[in-house]
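Number of protein chains: 2
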Amino acid sequence: MAFSEFRPLNEKSLVEYIKATSSLSSKIGDKYDDLKIKEVGDGNLNFVYIIVGASGSFVIKQALPYIRCIGESWPMTKERAYFEAIALKEHGGLCPQHVPEVYHFDRTMSLIGMRYIEPPHIILRKGLIAGIEYPFLAEHMSEYMAKTLFCTSLLYRSTTEHKRAVAQFCGNVELCRLTEQVVFSDPYKVSEHNRWTSPYLDHDALAVQEDDILKLEVAELKSKFCERAQALIHGDLHTGSIMVTRDSTQVIDPEFAFYGPMGFDIGAFIGNLILSFFAQEGHADQGNDRKIYKEWILKTIEDTWNLFHQKFTALWDQHKDGSGEAYLPAIYNNPELQKLIQEKYMKELFHDTLGFGAAKMIRRIVGIAHVEDFESIREASIRADCERQALELAKTLLKKRREFLSISEVISAITHVQS
Amino acid sequence: MAFSEFRPLNEKSLVEYIKATSSLSSKIGDKYDDLKIKEVGDGNLNFVYIIVGASGSFVIKQALPYIRCIGESWPMTKERAYFEAIALKEHGGLCPQHVPEVYHFDRTMSLIGMRYIEPPHIILRKGLIAGIEYPFLAEHMSEYMAKTLFCTSLLYRSTTEHKRAVAQFCGNVELCRLTEQVVFSDPYKVSEHNRWTSPYLDHDALAVQEDDILKLEVAELKSKFCERAQALIHGDLHTGSIMVTRDSTQVIDPEFAFYGPMGFDIGAFIGNLILSFFAQEGHADQGNDRKIYKEWILKTIEDTWNLFHQKFTALWDQHKDGSGEAYLPAIYNNPELQKLIQEKYMKELFHDTLGFGAAKMIRRIVGIAHVEDFESIREASIRADCERQALELAKTLLKKRREFLSISEVISAITHVQS
Ligand SMILES: Nc1ncnc2c1ncn2[C@@H]1O[C@H](COP(=O)(O)OP(=O)(O)O)[C@@H](O)[C@H]1O
Ligand SMILES: Nc1ncnc2c1ncn2[C@@H]1O[C@H](COP(=O)(O)OP(=O)(O)O)[C@@H](O)[C@H]1O
Ligand SMILES: [Mg+2]
Ligand SMILES: [Mg+2]
Ligand SMILES: [Mg+2]
Ligand SMILES: [Mg+2]
Ligand SMILES: [Mg+2]
Numbered sequence: 001m002a003f004s005e006f007r008p009l010n011e012k013s014l015v016e017y018i019k020a021t022s023s024l025s026s027k028i029g030d031k032y033d034d035l036k037i038k039e040v041g042d043g044n045l046n047f048v049y050i051i052v053g054a055s056g057s058f059v060i061k062q063a064l065p066y067i068r069c070i071g072e073s074w075p076m077t078k079e080r081a082y083f084e085a086i087a088l089k090e091h092g093g094l095c096p097q098h099v100p101e102v103y104h105f106d107r108t109m110s111l112i113g114m115r116y117i118e119p120p121h122i123i124l125r126k127g128l129i130a131g132i133e134y135p136f137l138a139e140h141m142s143e144y145m146a147k148t149l150f151c152t153s154l155l156y157r158s159t160t161e162h163k164r165a166v167a168q169f170c171g172n173v174e175l176c177r178l179t180e181q182v183v184f185s186d187p188y189k190v191s192e193h194n195r196w197t198s199p200y201l202d203h204d205a206l207a208v209q210e211d212d213i214l215k216l217e218v219a220e221l222k223s224k225f226c227e228r229a230q231a232l233i234h235g236d237l238h239t240g241s242i243m244v245t246r247d248s249t250q251v252i253d254p255e256f257a258f259y260g261p262m263g264f265d266i267g268a269f270i271g272n273l274i275l276s277f278f279a280q281e282g283h284a285d286q287g288n289d290r291k292i293y294k295e296w297i298l299k300t301i302e303d304t305w306n307l308f309h310q311k312f313t314a315l316w317d318q319h320k321d322g323s324g325e326a327y328l329p330a331i332y333n334n335p336e337l338q339k340l341i342q343e344k345y346m347k348e349l350f351h352d353t354l355g356f357g358a359a360k361m362i363r364r365i366v367g368i369a370h371v372e373d374f375e376s377i378r379e380a381s382i383r384a385d386c387e388r389q390a391l392e393l394a395k396t397l398l399k400k401r402r403e404f405l406s407i408s409e410v411i412s413a414i415t416h417v418q419s
Numbered sequence: 001m002a003f004s005e006f007r008p009l010n011e012k013s014l015v016e017y018i019k020a021t022s023s024l025s026s027k028i029g030d031k032y033d034d035l036k037i038k039e040v041g042d043g044n045l046n047f048v049y050i051i052v053g054a055s056g057s058f059v060i061k062q063a064l065p066y067i068r069c070i071g072e073s074w075p076m077t078k079e080r081a082y083f084e085a086i087a088l089k090e091h092g093g094l095c096p097q098h099v100p101e102v103y104h105f106d107r108t109m110s111l112i113g114m115r116y117i118e119p120p121h122i123i124l125r126k127g128l129i130a131g132i133e134y135p136f137l138a139e140h141m142s143e144y145m146a147k148t149l150f151c152t153s154l155l156y157r158s159t160t161e162h163k164r165a166v167a168q169f170c171g172n173v174e175l176c177r178l179t180e181q182v183v184f185s186d187p188y189k190v191s192e193h194n195r196w197t198s199p200y201l202d203h204d205a206l207a208v209q210e211d212d213i214l215k216l217e218v219a220e221l222k223s224k225f226c227e228r229a230q231a232l233i234h235g236d237l238h239t240g241s242i243m244v245t246r247d248s249t250q251v252i253d254p255e256f257a258f259y260g261p262m263g264f265d266i267g268a269f270i271g272n273l274i275l276s277f278f279a280q281e282g283h284a285d286q287g288n289d290r291k292i293y294k295e296w297i298l299k300t301i302e303d304t305w306n307l308f309h310q311k312f313t314a315l316w317d318q319h320k321d322g323s324g325e326a327y328l329p330a331i332y333n334n335p336e337l338q339k340l341i342q343e344k345y346m347k348e349l350f351h352d353t354l355g356f357g358a359a360k361m362i363r364r365i366v367g368i369a370h371v372e373d374f375e376s377i378r379e380a381s382i383r384a385d386c387e388r389q390a391l392e393l394a395k396t397l398l399k400k401r402r403e404f405l406s407i408s409e410v411i412s413a414i415t416h417v418q419s
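So the protein sequences, as listed, match chains A and R.
Reminder that position 60 of the first sequence reads as 60 in the UniProt record's numbering, one-by-one numbering, no gaps.
Reminder that position 108 of the second sequence reads as 108 in the UniProt record's numbering, one-by-one numbering, no gaps.
Bear in mind the hints are in silico, worked out from the structure with no lab data behind them.
Keep in mind that a hint or two might mislead.
Identical chains share a label here; the pair holds if one copy fits it or two copies do between them.
Using 25 Å as the maximum straight-line C-alpha spacing, the simulated SDA-like pairs for lysine to any residue come out as follows [stated by the list, open to error]:
# : residue 1 : residue 2
1 : Lys320    : Glu295
2 : Lys36     : Leu216
3 : Lys126    : Arg68
4 : Lys395    : Ser223
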């Protein structure tokens, strides 16, 4: 067989690969004359090819044994493609409306064939920078998170299913370690990887490294990340892992998936929306002061949590007599108790969400990987002002998260920092 | 090979097995004439044989595919022997003074050959019932728990080592499920397995099943038990899993081992000492009112936690620049911060210990498996009085554990209930 060993593909060898793979060749009716192949990976970790033929299309994603944007000097297991594939299948089975279908997976080649999420879909982050409103975003993302998180937790699964799946995803340890380093460690210490808008934020970056209370809190979150197998989380659910049109929301790129704390996913999404909010000043111009758009972002944050809460607890009510083993119906059999349990659970999840969301914000401002929302603000002093506001809010959220009783209090805190 | 398939051994076939197994036959100098074999399993889960020859001895423990004390009607994987063997080796490597050496393990036969813990060693629970003081018990048990728990946690291990080990022990799910059922579920619902000293405790048992706050708290502990992979815990560390003489303390029977919350082990030990304390009234007689002995038990409880705290944090200080990945030295590099972190960690661990300890006490009074400390009190009304005091204390500990700031406050609560 031509591809019995791993090898990195290019636009040419890809055609040979497709010809040899019926689940892919059939998608394009086995016609290669008008085949269009384009590499579109945004240069982050992996290589992504769009393949469009006369009668069909698909996307090929291949992992190479290093981090693409850094190069071979930072090795990273290509087995991540395996975990991405099984997470796509698992989450796709639970929420097919918002996850691309996997057509093909080749573990040897670390290669996934999946549905091409066609234009006019764009990466959500780019839409947020352009100031485009997505009226169904909160609805769709809360649906995706509620279904994938609830249904992979012990609220829905038996201990037996849970432990089997936890064991399997323990194999994705290299990607977990990467998160541990870039989210929970590097921003809080001197690291060659860290960067920030210098000199403007020099003082702020140093302050993060010298803030004992912040470090104490981030340690608690890190230990939850490392030890708590609550649900199969996406693991990298920022606004660059979501493709959108006005009516459609598609979640891609779960290569960091493992059994971890639910708040890490919800926090990633909400935290990145907050970053987008604070970046808006930098994208305002004479034609658009972004004031209305910022209101929409705030509303989307608020709706996301409230709808998530609603959908998640509705799933819980619906399945409370099912096979989930966390709360046996024979024990938690009365409505008042059921209500108490849910309130306690959702309160802890809310505080986890704020904590993890804040940690994800901080690392995007003073850590290795920044976000285009800020990076695309040309004027450094304006960018720094935006980033500083986001950083201040994140520090407050991380340190005082337990004092927030509702998402509307978070919205107030956001608008307060900004004024 | 004669033993290429699983089969339950008996005192006769055991000799054939030993003859065919050099790691065992060599222990007794391959001499079978004066061999003494005795089954000593206390009828709980497994079969345990003591083998004593002219020039040596050992113990054989075999797991059958059901729970011995219940019978074939309650099937239970015999793979538990595998997890017991690897836990014995892991914990034995970390704390050889307090764990019997494994001479031989046969996965097919679910059979462990290990050091014979010779007389005058007896099971600690029996010593406690007899009113015997063990002056080094707190010292030894705190040493065992500090070493085994610290060294299998992320305070000592890398994420890579941790996740590999977590995955391996996810396989011990059947035993985890048994704990979930008998500790965290059955006592809080109507179950054919539950029993208590009736009619005396009828009201008390019912009250447990109707106490919403208690159920709320036990749910939190259960989710920690199911989700939090903090360290390789023994999983069944009651006073029946410890063999003692005045100067020696040996921990056996870790077949429930898996990566779970540390407090489950510390709580099991301390909770069982508290049960023993409340049982003493029932063992008092004209010759011995057990007053002094009860003081010794209280002191042992207090010393256990305080010494554990001391040894655990000493290990932490000693290894703070090691390969443990929870708190990187580059971040947690100053003494005040190091102190804050340890205080936070130990406080949570203390409250976990009280919660799990209380849950273990409750299940021994109103659940399926009772303890000999109470069972051996002949007079039911006296037994019920002892049990009721223990139950009251346990409920307080479980519900108000976060209000206890030190072990001495727990001791006060114990003496308060009793008066
Ligand atoms: N199924 C898909 N359909 C269309 N475009 C895709 C698809 N998957 C990825 N892409 C494009 O490729 C880019 C990189 O994909 P991603 O999965 O995020 O890779 P990486 O892991 O390298 O970040 C995305 O930002 C998106 O533009
Ligand atoms: N290594 C040993 N040396 C001496 N006696 C032992 C040893 N292991 C077990 N025993 C005896 O056998 C009994 C049952 O052993 P245990 O490991 O607790 O089995 P089970 O899992 O059935 O509870 C113990 O209470 C103890 O009396
Ligand atoms: Mg991210
Ligand atoms: Mg991506
Ligand atoms: Mg990716
Ligand atoms: Mg035992
Ligand atoms: Mg046992």
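Which of the numbered hints above does this structure break?
-> Numbers 1 and 2 - these are the hints that the structure violates, sorted from lowest upward.
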